[in-house]
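Protein chains in written order, with this note's numbering: chain A, 1 to 325; chain B, 326 to 655.
Hints listed in this document are in silico derivations from the structure and should not be mistaken for laboratory results. Among these hints, one or two may not hold up.
What the hints assert, rightly or not - Selected chain B positions facing chain A (in silico; Cβ < 7 angstroms):
| no. | residue |
| --- | --- |
| 1 | 508 |
| 2 | 514 |
| 3 | 544 |
| 4 | 547 |
| 5 | 550 |
What the hints assert, rightly or not - EDC-like mimics (lysine to aspartate or glutamate), calculated; alpha carbons at most 16 angstroms apart, straight line:
| no. | chain 1 | residue 1 | chain 2 | residue 2 |
| --- | --- | --- | --- | --- |
| 6 | A | 162 | A | 181 |
| 7 | A | 301 | B | 517 |
| 8 | A | 41 | B | 551 |
| 9 | B | 460 | B | 551 |
Here the structure is a predicted model, which is why all the values come from computation and not from measurement. Beta carbons: idealized from backbone N, C-alpha and C, even for Gly.
Listed here are the chains, written in short residue letters.
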Amino acid sequence: MTINYRECCKLALRQCLDEEPRAFLMGEDVGAYGGCYAVSKGLLDVYGPDRIRDTPLSESAFVGVGIGAAMNGMRPIVEVMTCNFSLLALDQIINNAATLRHMSGGQLGVPLVIRMATGAGRQLAAQHSHSFEGWYAHIPGVRILAPATLEDARFMLPAALKEPDPVLLFEHVFLYAMEGELDASVRAVDIEHAALRRRGTHLSILTYGASLQKSLSAADALAAEGIDAEVIDLRVLRPLDDAALVDTVKRTHRVLVVDEGWKSGGLSAELMARVCELAFDELDAPPTRVCTAEVPIPYPKHLEDAALPQAATIAAAARRVCGRG
Amino acid sequence: MTALPALDRPLALALYREMLLIRRFEERCVELYGAGKIRGFLHLYDGEEAVAVGVMRALEPHDAIVATYREHGQALARGLPLGEVMAELFGKREGSSGGRGGSMHVFDAKRRFFGGNAIVGGGIPVAVGLALADKLLGRENVTVCFFGEGAVAEGEFHESLNLASLWRVPVVFVCENNLYAMGSALDIDEAETDIAAKARGYRMAAERVDGMDVVAVLAAARRAVDIARKGAPCLLEMRTYRFRAHSMFDAQGYRDKDEIERWRERDPLHVVAAAGKASGVLHDEDLGAAEESVRRAVDEAVAFAERGTWEPVEELTRHVTAPRTKRRTP
Ligand SMILES: Cc1ncc(C[n+]2csc(CCOP(=O)(O)OP(=O)(O)O)c2C)c(N)n1
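I would like the entire structure built from these sequences, with the hints used as guidance.
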């Protein structure tokens, strides 16, 4: 049976609500409207307004309420429509959710899951196209998840709900319509490790989110030219899976990072630095990267496409890193 | 209270035509969206035209405007060239924002039109800042800030109203209360649904206005601008309605068809046409002539946008920071 990423997200929510009586979903338009990306469509009828809780436009307040409820016995799943609006809740996420355990000397915990949509590619212009997951990965105290496959969309959320600390889960807007077969043998996923999505020998492409599919198509194109790319889906952006990085570099000795975030001070910089710190001697070439151009996302399609990593630019960078550029 | 302005023939004609222009412009936008010429989000102002048209008429060219992602109406009523707004929606270089912004980010600094902000509530503090600068620089300008009733739940609304009142800055807050924030009805979102009452809580004048009646809007806007011009903020709660989906498509399961039909009876175009006809200053021929001239204007705007050009990809990273002029060596 084919299923899409959006439906996987919904099944994940249902599993959480069915298995965990303390769980409830809270956010703007999650109820009557069905969620701005229709992830929670129909759930209000099934679970009622206490568990599918519509909030006013007040990101800072309802994220903060989620933190309080989590500290006091509930298991809230907060939906912030998109990471663009999470900026209004940044204070609550960073100064409260991420730090309460530490500030209280370990007395308190915030078992809160915050879901949000992320990413560009739909011509929504500068204020609606951000990718902030790499940015949030800077913050100690939170776990950052980026489901890029149907299985991860389906099973990361239930795993996140079992965490004792805050988890931020980023659903890429471009993936909601992605269809495929859900691997029936998968009943759960871990939220610790990176995943090897394509085995290769010539270089390692480290990526996550919507860039995974683009990287896999680039790898197909490269295969036709005799370049055999390994593709690693990071999945968990904090804490990073260092062992997986070292492991793949040991196999391929060349690294290309693909990140929809901006280059300067971004997650790609962190990944390249780690590869150098942990496996410098294994490298046959300087690590390189494909990121979003250093510009707010423009509205016109041709400029938006040019700003974002694409299969063609990924393949070109891969050739360069393999000395075939 | 200033009485309603006399609806003489020139005023009636102008108000009707301006509202019709917005209506027909946006109907064309819907077609163009279907044809793939316009992309991304497209929030229509269908039903709310009286608010922008009435308020803009109370402003001077030096006054400033801050609007939301639902700003085509404000842009056109402010007199932004129709072709440039359409070209912006196409993403063409000849657009109001050079094509970079699209539907949600129409800007025109010359006309003191400070955008098109797509973060709900994001424009409200900015408007207070624009007004503060005018006050500090001794200018007699007023800033008008449009936002939906959904924004009233954001902290930025409350923080901004407090500052505006505390510092006595010349800003008119115009809340376009169309009863729904996406799918959330006002009484689902707000414990106190009387928005004017909230503003009074910050010690500023506030009134509720029939936002479907452009003449009532104009009268209220004149009163509000008078107050602001004398150096105090105030708020107008415009009771209005959007006839269509929040953005291009939504299932609209959050309201029933009857409700939309009831509001359609108060379509601002019908309201002003009926008033004009009743007082004998508007006739059917006038409405027909307005249709004709508006159709031509929209055709020309579309043609202008079609003729427009795509910014070369080489220019992708322009407009991020100001161009650096060569520094003088000491
Ligand atoms: C801070 C923020 N949160 C959420 C959104 C998503 N969003 C866009 S418009 C909207 C509803 C706003 O309703 P209202 O303020 O009443 O204005 P209207 O759209 O009715 O004109 C929402 C939730 C956003 N753009 N910004």
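Practice problem: Determine which of the earlier numbered hints do not hold for this structure and return their numbers in increasing order. | Solution: As far as the earlier hints go, 3, 4, 5, 6, 7 and 8 are violated by this structure, in ascending order.
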